[in-house]
Amino acid sequence: MGILSQPVGAIAAWLQALLEGWGLAPGLTKVILYLIGAGLVATLVQVWVIFLIWFERKIIGRFQDRLGPNRVGPYGLLQPFADLIKIITKEVILPAKADKAVYLLGPIVMNAGVLAIWAVIPLMPMVGMDTNIAALYTIAVGAFATLGILMSGWASNNKFALVSAIRTVAQMVAYEVPTVLALLVPVLLAGTMSLHGIVKAQHVWFVIFAPLAFLIYFIASVAEVGRTPFDLLEAESEIVAGFHIEYSGMVFAIFYVADFLHAFTIGALAAVLFLGGWRGPGAEAFPLLGVVYLWIKAFAVYFLVVWARGSLPRVRIDQMMDFSWKFLTPLALILLVVAAVLDHFVIGLGVWGRALSHLAANAVVAWLVLQYLEHYDRARARQRPMVAQPGQYPEARPPAPVETSPETAS
Amino acid sequence: MSEQTVMIQNEEDTLLSRFPKVVRKDERKGYEGYVVEANALTDFARTLRDELGYDYLSSVTGVDYLPQGQMEVVYHAYKTTGGPALVFKVQVPRDNPVVPSLVPIYPGADFQEREAWDLLGIKFEGHPNLKRILLWEGFHGHPLRKDWREPYFEAEHKPYKSRFPEGKVFRAEERNPFGKNVDYPAGFDPAQWTPDNTNALIYEGLGRVEKASDDLPTEQIVVNLGPQHPSTHGVFRMVVTLDGETVVDLEPVMGYLHRNHEKIGERNTWLMNMPFTDRLDYLSPMSNNFGYALAVEKLLGVKPPERAEYIRVIMAELTRIQNHIFAIGMFLNDMGAYFTPSLYAIEERELILDVFEAVAGSRMMVNYFRFGGVARDIPEDVMKKIHDLAFERLPRRIDELDRYLTNSEIVRVRGEGVGVLTPEQAIAYSAAGPVLRASGVPYDVRRAEPYSIYDRFDFDVAVRYHGDVYDRYLIRMDEVRQSIRIIQQALQQIPEGPIMSGKPQYQHRVPAGESYGRVEGPKGELGFYVVSTGKGNPWRYHVRAPSFINLTALAEMTKGQKVADTVIILGSIDIVLGETDR
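Protein chains in written order, with our numbering: chain A, 4 to 413; chain B, 1477 to 2058.
For reference, chain A alone in the conformation it holds in the complex (with noise of 0.2 angstroms):
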């Protein structure tokens, strides 16, 4: 068992052979080797989030047409190590009246729900946990999120907080939908909900399968994190900060961490479901590689969310529902029919066979859709009301200085 084909089994061997020595029982020596490897994720993850912040500060930066921060450490990278520090000297402070151990515990069960999934997502061959249910289990514990996000902002007796928790549930319930039944193509085309197994299956990836069950999917997680344009829960310039109003220093850290690091997994989630997780040329031999790759990936899809926030405004809480339960899960359904459909009928073609096919009838989906919204475009500028035709006020001018005839001028 080579160090580069299996790096994590080997670990793995070793320190169980270690510990075995020592004479523990192989049956605790087993959950002594998964929490080290849960809190190695879990620890690694959230250090990555020090870089996430240094990127998207950065990159929102060069969106805006400045430089983002530079002068703490080479191209500004320590700033977030700054910032840390700062955040951990400043005081944890209690609102008067809130419920004290809802208010605390709700940073953590969000950040507990985002590392959560980070348990079943295949970082390489073999490491993850390969559960039959995996896809499941994101969406579920996905949602674990949310409940923190609601526990904190009912516990800090803030009415902002409060909008925005009933504004985060609402927002939960309405986006879910979407994600389960996108999230359900990729299920349907690798015949596996284990998300190791949705990597297998994906000698092509699906996102040539299905190009718009990935969008759907994007736009989905995206409004499940709060993100823009979909970022109500804390929209600054409406409810402030919401959830997190009353939150300062290592309790609001959580959040931003947690905050982070839930677009990041949904990148990771994204990649794994559409854009073949760890494969690449390489990943086979040497698992370390997948890794790379699969980061690459997940970066790729975070940075198009981080580009959402940098030029797109805000939409309003009504127009969201409407999206989400008049469009994108309309939508979604018709994709998850197309694609049972298809499926049964092109399955025998031979991989770029079925992929093609598969495209050709999003191909086709998205021509119809584009028809409908231009269709329904056209119709919301009819209905948009004109308070005063053109001409109806005459512009306002001095009256002309005209000289009468003196007849008329008594």
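Rather than coming from a laboratory, the hints here were simulated on the basis of the structure. Using N, Cα and C, we set each Cβ at its ideal position, and we do this for glycine too. Any given hint might turn out to be false.
Unchecked claim - Rough simulated footprint, nothing fancy, chain B against chain A, three-plus residues with beta-carbon under 8 angstroms: (1) 66 to 74; (2) 228 to 240; (3) 319 to 333; (4) 347 to 358; (5) 380 to 392.
Based on the hints, put chain B in the right spot on chain A.
Okay, now just chain B, sitting in the frame of chain A:
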């Protein structure tokens, strides 16, 4: 005899014959308009609005004539078809000033009457909500009364001689330790006092809508948006009653930035006020200078030389451009775009501020205009810079903004049909500027009553017909384009010559009389009402602030909309708190 004179003659005949004895012409030297008896005011105003077409009440203010023992309320009404103002006044005894409220006839008088009550203590009978507006309810006295004196009072007028004993600066505050000379009401101890009723007074006025019994039972909550809030553009406060996400009622609360600008203005000499006007709408200082200079020049009877007129127009239009671009950027911010549009907007604004810095020495507090001209000429290289801006950069950048923002799906769905103000409402609420023009009323002071040399330029009055937030955004785009046109023409026509008529003066002898100078500021009609008694200081100095008066329509526009809309409706009015609170 010109048609204009005939018309005015007819109006005068109508008014004087309709209201014999109770209406007379104002015969004082330097004054204009009519003096109306208080009991005839309502009928008079109704006649003006319904029969003579003066449907737009621009300015309401009061003047305290202490020596005569009179309070005077001054109204300026206009026709939305254009033309000069009709001024009418009500004189009431100083010890019991009661005037019928004009809110039922001109709803736009609402805030202005409250302001007059607040600052001058004039009671408006029949006003639906006569509370203090800029000061807090516990304030002692009415500060614009001539016998009211501020803490640290020194003398009625500047320059305070006591400040320079033996040529050294001495500040009054150093002589008056805090609290020693403050006049508190009997039994009032500031250390013991805690504010309790101010909020109650605001909340009481808020309406709650009773719902049908079979509706889902929901609780309405009152939320304070502001005074510390990211999108109130300063320290403005909206007390909002919410039913879920829907706004049931809204009450604007202002005055957090109040500094009694007008009292300071009365203490100052005429020229000293010029830099103070910069601080009103600090985003468009040149326009403020312009309005004040016009008002005083009317009294002085001076006319600036040609070159100065052109410089003024160029500066005023540059101000409009930078204000509108900034407003668009901030509007997008309110909409939730994470600072990107506003930073691009600020980039253009910076370039224009560079021009201001080069000609006036300051980027924002320019203090550039003088009575009868401007302070300094435009240097040659700055002229070239303005030229580049007007002909090259700004048209390109405004097209770029247009391309990125105007057809953005989110901007359109957020803006279309939100915060609709019909033209009837807009006129009734005395809305001005982009808010009025977006509702389909093409009223622009530059066209309606041309001042300075605006009658020489070829430009269109921007007008849109949907009256919603999106149209107010488009209007600003249109106006930037028109302003660029005006600057281009001005740059081609500007002659060489002096920039001041006569010698620059520190102390002006302003003849007695009143004067109202108004300009089309970026935010709307900006008016300065000044009264002179022939002394070195204004007797009364009043600002008709468009940011302040446009807010009258805010509650009307917001009711029934969502919380998120409240913010962008406020953003689309484009207020600056320096001007709102004065």
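**Report entry** Numbers of the earlier hints that this structure fails to satisfy, in rising order
**Finding:** 4
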